[in-house]
Amino acid sequence: MSRLSFVVLALVLAVAGATAAAPWLKTPVLLALANGLSVAGVIVLIRAGQVSFGHAMFACLAGYTVAFTARAWHLDALLLIALGTLLATVAGALIGVFMVRYRGIFFGMLNLAFSMVLFSVLGKFGGVTGGTDGLRFDRPTFGFVAMEREGFETALLGLALLLALAAGWAVQRYFASANGQALAAIKTNETRLEYLGISAKRVFWGGYLLSAALCGLGGSLFALTQGLVTPEMGYWVRSGEVVFIAILGGSAHPLGAFIGAFVFEFVKLYAASLLTGAWQMALGLVLIVMVFVAPTGIFGLVSKRLLPAAGAKA
Amino acid sequence: MNAPKGLLSTRGLSLKFGGVIAADAIDFDLMPGERLAVVGQNGAGKTTFINICTGYLKADGGQVFFDGADVTGQSPRAITRLGVGRSFQLPQVFTEHTVRECLLLAASAVHRRPGGLWRPLAQAVNADEVDATLELLQLMPRAHDLSGALPEGQRKLLDVAMALVLRPKLMIMDEPTSGVSSDEKHDLMAVVMKALDERQVTSIFVEHDIDIVRRYATRLAAWIAGRIAADGKPDEVLRDPVVIKNVIGE
Amino acid sequence: QDKPAELKVGITTFTSGAASVFGVPGKAAAELLIDEINAKGGIGGVKVVPTFIDEGIGGDKMLSEYRRLVQEQGVKVMLSAISSGNCNIVAPVAEDLKVLNVMWDCGTEKILENKRFKYVVRTQANATTEMVATVLYLLKMKPEFKTVAVVNQDYAWGRDSWEIFINTLKALKPDVKVVAEMFPKLGASDFSTEISRLQALKPDVVLNTSWGGDLDTFVRQAAQRGLLKSGTQFVLPLAESSFERLGDALPEGVIVGARGDHYWLHPETQNDPAHKDFIAKFKAKTGAYPIYPTYHMAQALVGLKTGYEAAIKANGGKWPSPEQVAEAMRKMKFKAYGREVTMREDGQGLEAQLLGVTKRTPKYPFAVMDKMVIVPAELVTTPVGQQSPNWVKSINPAVLKVLTSDQLKTHDFK
Amino acid sequence: MLTLEDVSATIAGIPVLRGIRATLPRGATVAVVGRNGAGKTTLLRTIMGFMPGHGGRILLDGQDLASVPARDRARLGIGYAPEDRVMFPSFTVEENLRFPCEVIGMGRKAVDERLAETLTIVPELQPMLARSGAALSGGQGKMAALGRAVMAGERLVLLDEPFQGLAPVLAQQYSASLHRLHQVRPELCVVITESNRSLLKDIPTETLVLERGALVHDEARAAAIH
Amino acid sequence: MDANLIVLALMDGVSYAALLFLVALGLTLIFGVMRILNIAHGSLYAWGGYFAATLGLGIAQFALPAWLALPALFAAALVIGGLLGTVLEFALLRRILDKDPILQLLVTFAAFMVLEDLQRLIWGVQPVFVSTVVEQLGTLEVVGVTYTRYQLLVLPVVAVAAFLGLRWFLGGTALGRQVTAVTHHREVATAMGVNTNRVTWLTIAIGGALGALGGALASPTTSFTPGIGADMMVLSFAVVATAGLGQIGGAALAALMIGLARSFAVYLLPEAEVLMPYLIMVGVLLLRPEGLFSTTAARRI
Ligand SMILES: Nc1ncnc2c1ncn2[C@@H]1O[C@H](COP(=O)(O)OP(=O)(O)OP(=O)(O)O)[C@@H](O)[C@H]1O
Ligand SMILES: Nc1ncnc2c1ncn2[C@@H]1O[C@H](COP(=O)(O)OP(=O)(O)OP(=O)(O)O)[C@@H](O)[C@H]1O
Ligand SMILES: [Mg+2]
Ligand SMILES: [Mg+2]
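Chains as they are written, first to last, in the numbering used here: chain A, 1 to 314; chain B, 1 to 250; chain C, 1 to 414; chain D, 1 to 226; chain E, 1 to 301.
It is worth saying that the hints were derived from the structure and are not from the lab. Think of the CB as a built atom: it goes at the ideal place given N, C-alpha and C, for glycine as much as any other residue. Accuracy of the hints is not assured; some may be wrong.
[Stated by the list, open to error] To give an idea of the chain E side of the interface with chain A (calculated C-beta under 7 Å), a few residues:
(1) I102
(2) F237
(3) I280
(4) V282
(5) P289
Turn these sequences into a full structure, and let the hints guide you.
Encoded structure:
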């Protein structure tokens, strides 16, 4: 077993143990895992040197899909997650067709524009979408078993851990693949990519699709954890937060996404209760220090030990 | 109009940049198997001609044919897929990939194994081809360096290698040897030309070094102010007084 | 159950973000009142220890923190929340975790109408009560008008309050015409276009239920351009919370409200010693006069205390479980700094509504309320088991009789 | 006179220049030749002050450049033409040429005179003056970069691979320009890096051979390399 | 919509665009030189407004001459732009020039978070507002609607002056040309003798002052509350993207388009008001992927 997978396993066990010992941890841990999935999605785009200021829209779309279908048909949680992710993926595929033409700030801002349209529409058509208060839905069955909150959360947590592992593996695999490498090449030289006969747009579309799907998965989990979706889920601040976490955790590896999401969740939680009124400042300072001390994020700090063989590139 | 016979042909290619005529109604045919050297004044439009033929620039008028098909206005990607490889005057490499990864990526565009795009890059393509090319262009010692850290000359070699690995039918090289140090230059050309010959690749190379032109070209075209001023056997063109006056000098 | 060493109370409030205009005074009031309660021996002899959570960190983070307090710190009583959105989040969680949740400031009526909760109560009125009372007061002060326009913040409160307002108004006065509905975004910094449009339309009545910086900006910009004195009747149901900040920008004659039956110049209670003492202490602590969220906090704490005491009594003197307190809180009456509040079986408090018209006085450098009316809650609250949207549409115009009755008599500023 | 004393530099922890010692007298035209990656560009960038933390000393007419920040080296009369030319695209060629003189605070008339002088040295620039800096082809850019370096360089001109990509006629013209430069400013020291020694012909009065960051003094070996 | 209403919408749109333009101008200037999208620019807007209000209060409190109110707005902008700009430049921006653009963006985002909280610590959470200037200048009737002179005259005039001034500075002065040169290539500009550090510092101070000026000029009509900077920042981002990066003329046009679209929307389709900036941006970028105007990029191949 490689050192990396050993560490991952240890982390998973630690999380499982901690939540068993302190049940309140389930909420922040679930939220961190949900965020981590979205962050993993955003990391895919960062590979191509692009940041989206609007990717929370896919989490939001998935969340609303979960809420709508849960209210209308009382589907099972597993099905809801699948549906939410599917819808986000389809949306990503469609919006992606449009987005692949843009780079840099134009890409970032167009995503923001789309997300803001979604955000306002959700807020304005209160009759259908519940307006800014959002949509609440009852706890669905999980695997067709009806459960109390504790049981449901435990099950959801288990599922979230599995999904995070699977997503992390898939993203890593994608990065290593020819497609993933071509995606990374978009960052440095699209002209050359075209002159190799590779369509930068198509490659980027694939990356966009993957990132939308991961954000959708994260959003579905988030919605199920809260039992409530609000337009806030798709607000640009959320999108910014996700990028923030990606840098904090390190964008070179999906593990960084999850590390970042956990650190962010808990730093924010404790900063908010210890430094009431100054938690933003605390987070900001942490980020500035990170950029100077560890520009490759937390994962970058530890990666040399985790991946001795992969060398400088990881 | 019937497609011309050449592997690469143009008819009436014209392009102006503001007041500058970069291509002036160029008619041109390249036959399979030729090794065409292009010399010319700086700013005569050599790069522009290549840019139009490979789809990077849209001409104001005229047509481009490759291998019997009209490719006017097609994208660089489409034209590359038809079998045109190109290297650049300013090397175009993936600066955050290692030299080897750059070549693997290039290879993945053509020599992919079944289902390859989802497999790790190193396994998705035929690595022998890549390693052979690395050897050929003497880049092996640098295989694991980031290509962004290469000095200009080696970046140039990598740029050529990336086109070569595509196994094109036509290889267009824009000043492959400028910036490559003199003692390596001839070796480089010898190696590249040998590789092209072995694979029966037709080639165009822009070159300012007359020695190299003499040694490797089977045909020579001289560009002056957006047109082809002379075209033919290298020694004939090199004796052309207009070319001597405007391009080669005494 | 044994008496605990201390009664831990978790309080969610905004200490960051735009809504901290409410959250910070609310928090100050909580600190003040809890000190006071503790000085007098606490609740049932147990000291109250508050822990504050910032709602400004976002609903999801607040929820984590909420659960940490409950599941890690063993907190059994939560006062949450200011934002209706956050109330939506915490209510079902409180139900699942079996902790008492007093919704101390949020107004959405839907939460208690759509679902029956066991552990969730609200110690003040809801949006329906507030808006229906506003309509009655408007009709009392200005019976004759034909056109209304609205400029509300574009979020749940802005939208919902307008819905309730206009549906009530249409039920009572079917001939009114809505000439413009404008919902600038929450936190908008410029209303010049809205103001130009209002000046061009000249509606008889303009409703604006905004608060905080949005309301201030709107009033300032409107005042600068003379709109507030143009003959249009402005109705600003939350303006009481902006009086001091707005200073002389707010002219006389604007209908204003305070989201409940409380005001530091309350015609009936301004001279109560307890109230005077609270005002003085609050002013000393914060430099400002109390505004409605401080009173809502007071109601929540007094309500909690009353509930606990009732539950202890019912429990034979033993310390009650949250369930028992929640139960007791549904059957009690309590009085903070306004008239008595009656709690209903659905957990909703029946709180009267105080409205007035602005007046300038040399005594203060800002507007005060005049011609105040206290609308009884029973008159303007959706009955248990009914839904507000249907109920307001069914309000019978016969209710207008009360406008002239003694029940709605006006109190002048003294 | 430019003196290099034990100049060394590292990039990303790898030594790129090692103990370079050389004296380049006034009026000399010095060629720095070497293979790709030998460190020629790095040497020029070090002289320009872009390699902070390099080792050794660089003296211009006895003045230690360590105390002169990169931006003030133009004021000392050092002109520089980078390998990749870099004309400012939103300026015309003429504005590009005038720019370094303007920056170091020369009066308008002095700049006019300097420009006239430069055009006598590099007459090929005359027809390009009004064109945008963005449009020049590779070779045209080299000429313009030479002109710009000459505008500022009264004492020292550093040219990084100027012949790369020049058509033979232009290369001859370039050489002619260098000759004229030497005539117009006999005291000027010119440093030219080149990976193609043959292109230099008889221009250099002196040749330094760089190999993997170090100077090769052994003439025989140096000759063997080229 | 009759002619009168069109006039009204035009006037509201222009004065709103004027403010937006000032802020976006600062942002685009800094982007032009540093290639960094300075998210902290939103804070400069907020700080400018808050500080202007503080000065306004000071004038009232110390019974200083009332005519100082208008100059105080500009003074506030200069002080905040200079001060914060300097701190940002020295403490952060100049240290991240060689970093990945995404990291650069994040650093300015972090600076924004810090400044937001500092601002709350300094000025508190209560809305702040000082409007003496507006009252001094009085009002004006246009087709039966009252406007403040401040809004109708002062704002557009300042915006036009800033536009012309900046154009002249960049195109017509030696220092301005240095700024442009740094925009294109720092190292080569340095080699030409440009003190790039000073140039970037200057640019950031000017850009910051423009952002702060936007805030200062908004302060007499707008309540400043926590979070006000973020909104302005997103809007000015939209302007910059619509305009094309580093495009001053483009920024003017884009701000005008957004301002007018917004005010017409209030009359015709109020619900679409908030969406207008985004719809315009999407529309423009659909037709012109690099924005209304795009820069002359150096040839790459
Ligand atoms: N994008 C462009 N915009 C404006 N003018 C251009 C552009 N590209 C090329 N030109 C002009 O067109 C002419 C031809 O340029 P081109 O690069 O094709 O020359 P070249 O023959 O390759 O020269 P060199 O040998 O110096 O590389 C030149 O005068 C150049 O300035
Ligand atoms: N950014 C970098 N990171 C790592 N190594 C670098 C970097 N830049 C240059 N080097 C290394 O420094 C050495 C010297 O490079 P330099 O550019 O000075 O060579 P050169 O002699 O000018 O070559 P050329 O003739 O190709 O221009 C090379 O081995 C190169 O790989
Ligand atoms: Mg060329
Ligand atoms: Mg070099």
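**Prompt:** Looking at the structure, which of the earlier hints fail to hold?
**Reply:** Hint 3 alone not satisfied by this model.
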